[in-house]
Amino acid sequence: MEIEMMTESSEVLKRRDYKYGFVTDVETEDFPEGLSEDIINHLSDIKNEPDFIREYRLKAFRYWQTLEEPEWAQLNYPKIDFQALRYYSAPKQNTDGPKSMDEVDPEILETFKRLGIPLGEQARLAGVAVDAVFDSVSLGTSHQEELEELGIIFCSFSEAVEKHPELVKKYLGKVVPYKDNFYAALNAAVFSDGSFCYIPKNVKCPLDLSTYFRINSAGTGQFERTLVIADEGASVSYLEGCTAPQRDENQLHAAVVELIAMERASIKYSTVQNWYAGNENGEGGIYNFVTKRGLCAGNHSHISWTQVEAGSAITWKYPSCILKGDYSRGEFYSVALTNDHMQADTGTKMIHIGKHTNSKIISKGISADHSVNAYRGQVKILPSADHARNYSQCDSMLVGKNCSADTYPFIEIQNKTATVEHEATTSKLNADQLFYLESRGLDEEEAIGLLLNGFCKDVFKELPLEFSVEAVKLLEMKLEGSVG
Amino acid sequence: MESLKKIYEGNRREFGNIARLKNFSAEKFQEFEALGLPNRFKNDDWKYTNINRAFPEDLSYLGLSDTPDTANAPELDSRYYDIHIANGVITNLNFKLDGVSVGHGLSESWDSIEQSLSRYKIKNGVEALSQAIAGNIVTLKVDPATIVDKPIRLFFYHGHQLEKSLVNSLVLIEVGRNAEVSILEDHIGPVESKDTLNHSFFISIDDNASLNHVKIQNTGSQTSFIDHSKITLNRHSRYKAYNLARGSHFARYELSMLLQGEGSEATFNAAYTTVEGQHLDHHTIVDHAVPNCVSQQLYKGITSDGGRSVFNGKVFIRKNAVGTDASQMNKNLLLGDQAEVDTKPQMEIDADDVKCGHGATVGGIDPDQIFYLLSRGVPKDRAIMMLARGFLRDATLDSLDPLLKERINEELEHGLAAYVQ
Chain A
1 MEIEMMTESS EVLKRRDYKY GFVTDVETED FPEGLSEDII NHLSDIKNEP DFIREYRLKA
61 FRYWQTLEEP EWAQLNYPKI DFQALRYYSA PKQNTDGPKS MDEVDPEILE TFKRLGIPLG
121 EQARLAGVAV DAVFDSVSLG TSHQEELEEL GIIFCSFSEA VEKHPELVKK YLGKVVPYKD
181 NFYAALNAAV FSDGSFCYIP KNVKCPLDLS TYFRINSAGT GQFERTLVIA DEGASVSYLE
241 GCTAPQRDEN QLHAAVVELI AMERASIKYS TVQNWYAGNE NGEGGIYNFV TKRGLCAGNH
301 SHISWTQVEA GSAITWKYPS CILKGDYSRG EFYSVALTND HMQADTGTKM IHIGKHTNSK
361 IISKGISADH SVNAYRGQVK ILPSADHARN YSQCDSMLVG KNCSADTYPF IEIQNKTATV
421 EHEATTSKLN ADQLFYLESR GLDEEEAIGL LLNGFCKDVF KELPLEFSVE AVKLLEMKLE
481 GSVG
Chain B
1 MESLKKIYEG NRREFGNIAR LKNFSAEKFQ EFEALGLPNR FKNDDWKYTN INRAFPEDLS
61 YLGLSDTPDT ANAPELDSRY YDIHIANGVI TNLNFKLDGV SVGHGLSESW DSIEQSLSRY
121 KIKNGVEALS QAIAGNIVTL KVDPATIVDK PIRLFFYHGH QLEKSLVNSL VLIEVGRNAE
181 VSILEDHIGP VESKDTLNHS FFISIDDNAS LNHVKIQNTG SQTSFIDHSK ITLNRHSRYK
241 AYNLARGSHF ARYELSMLLQ GEGSEATFNA AYTTVEGQHL DHHTIVDHAV PNCVSQQLYK
301 GITSDGGRSV FNGKVFIRKN AVGTDASQMN KNLLLGDQAE VDTKPQMEID ADDVKCGHGA
361 TVGGIDPDQI FYLLSRGVPK DRAIMMLARG FLRDATLDSL DPLLKERINE ELEHGLAAYV
421 Q
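If you're matching them up, the sequences are chains A and B in order.
So for the first sequence, our numbering puts the first residue at 1; every next one is plus one.
So for the second sequence, our numbering puts the first residue at 1; every next one is plus one.
Hints are computed from structural coordinates only; laboratory data are not their basis.
Since the model is a prediction, treat every value here as computed from it, not as a measurement.
Any given hint might turn out to be false.
Label-pair restraints from in silico Cβ distances [to be verified]:
#1 K170/A x E276/B: 55 to 61 Å
#2 D458/A x G377/B: 39 to 45 Å
#3 E283/A x I18/B: 44 to 50 Å
#4 P383/A x Q115/B: 48 to 54 Å
#5 E276/B x L450/A: 43 to 49 Å
#6 K473/A x L374/B: 55 to 61 Å
#7 E280/A x R53/B: 35 to 41 Å
#8 N92/B x L67/A: 25 to 31 Å
#9 E166/A x K355/B: 54 to 60 Å
#10 K42/B x K473/A: 42 to 48 Å
We put the beta carbon where it would ideally sit given N, CA and C, even for glycine.
Required output: the full structure, derived from the provided sequences and hints.
Right, here's the structure in full:
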């Protein structure tokens, strides 16, 4: 009798609705479905963009038309009809747009409140500057003045195009050119908005910069573009967190993130991704096809990627580092959790070009239910990279009998002074350990939390504190009812 | 492709009126034409290796029925049960043993051969081609419960005029229940030879049988060497293999191991050395299809100036293969400025209660170790040699026949000698 009750309660937990699954009812200005040069021109017109952006978009679009959708990742999903997507969706604005938080549509503010995003005063208390992206147009940006004093530019991409065209022109597409891949080309053609961040020389950004992305309108792909530049000696920590409402229809997210670190600069980019992953039958959910890449352009520069991937029906992303400057460092810390019918193919690329470059990869994959979780990574040491060093560790944890964990590392070494180590292990969430903890009086949830925390410790300790707490909670919630 | 077609047609003429063989060959060649040679840009398994290097357009046809030229044949070695093979044909052997049967040629037993071959799935064009042009098939059968006291040696040598020829051989090995045997494969060839040597081995190990398998490849430095080995392990069988590769300017090894009987164990180690202009590629697939099997791989290689080594290992653990213990390791030592190492240790795991790990390392010799040896009065050359030797010997299997171990060490020394100026 008791056993029956227990299984029932775990079933209930498992079906727990997506916490952030609600749709905000805001009037939106949508484009018709489909993609053509007209649509792109129209997009440029609306956003009042300078010619170089328009040309960039058109060039990318023409190139994109020559490409075929990549299929190598062995992901299983119905083909996307790119002509059936809508490429722009913006909340209807007052003629001048909101200037302060008070002017923002209260319903949108309510949404953020429900998501628990610290905005305005909340943001100040939490010490976080938020540039919140609601669908495609940036809304209120906080802490702007404080940052302006230091010369830090942190604004929406559209604003950057308007106010700092010289910087955008100089760096746009330098790390991820539009010819990079299918989705990068698509993004370059239709990117709607995103974030732009420039840290001037020798400035240490006093706040963790943060953007929340939220996909809202049905049937719109969101094509964000983020550009973070840390000039000589600058340093910044950037947070990106995502939640999306529940949808029956798949949504495409093809973002591009470019990071550039000059001499002695340091960029830390952290992501918690928890988009809607579809229901337990694998219907619906976000397709997350993202190109993220950082360039360590100067000597002694440093780029660190930390990601917690817990959502999306399909995740396909490889935050990478090009280590061009001598003594530059690249790091990648990742926890990818998949459950139900989620598919994740994620990893990194570390391209060593400069001398004495150093990279570290720590990847933890947890798969549960019917999910597929793959690590795919590349470490390439070019002949010029004397005394390069890489350490990679990829651990997988399997929870349940129907999931799978794959590892595909590519290690290409062309310099004899390189030292490269790669190791990977696979284990299961141990029933004995759980039993032990439960016998000591911890309940199942706490026990799982503790074990997960131990497994992912190396990654979580890299996250900013508030993210770290959120991440553990997220994983615990996702795995409820999966462990038996 | 044209040259390969000519070779195939030449073969077909010589099959004479053996209709079954002709049909089989035609079928396989059709398959080859459909698959084509693996493409580097389309097939990830061939990303680092251009197979066209092994199949140049001017590859000439070597007659199936031409009796191999035995003038250069080495002598039979009484330490082994010795079988000499040239151009895929047995030319000499020194034993007749109860429980061991050896067959070859365009034999009448084609039915059973075809049946055996049909159990193995063709993966790529090269495999289809090997079967399409294989007329002479060597079979080696060890009867159940036979324990062979000395290693059986398959000695592959060069037995034809010096030309750019395609030498194709296909060997079927069956080890019966409870049998135990050691096999040494020895590959040699003249320095000037520009042949492409294409070998296929199909090995099946029955319940509780044991096979130790050593492969030593030291063919001429201008030959291309392709090796496909497919091994099936049944209940509680044991397979231990050691592969030493140092000859040929282009080599590709494809080893597929299928653990289809519960409780089977496979160990696969390799040591290899590459020097300037050499391209050496090891591909392994270990497929755990049933519960409670063990597999271990340790590949160690030294790559020096101008050489390139590739390792691509893949471990599959199928859904019901619980209790699997699989490990895979590739270690590389780099000894030159222009050396390149590409390594891909991969895993696909669909079962939860398993132990599985893999790893890869690439690096040069530790300067501290060299310094230590120098401080002890060891000259630098010798210090490097000592460290390199220690590195490679690590892969040698302890449980091998002493005769084989001695042979391995000898070859390793020859391989290492290339690194000391």
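- request: Just pull the numbers of the violated hints for me, sorted ascending.
  value: 1, 3, 5, 7, 8
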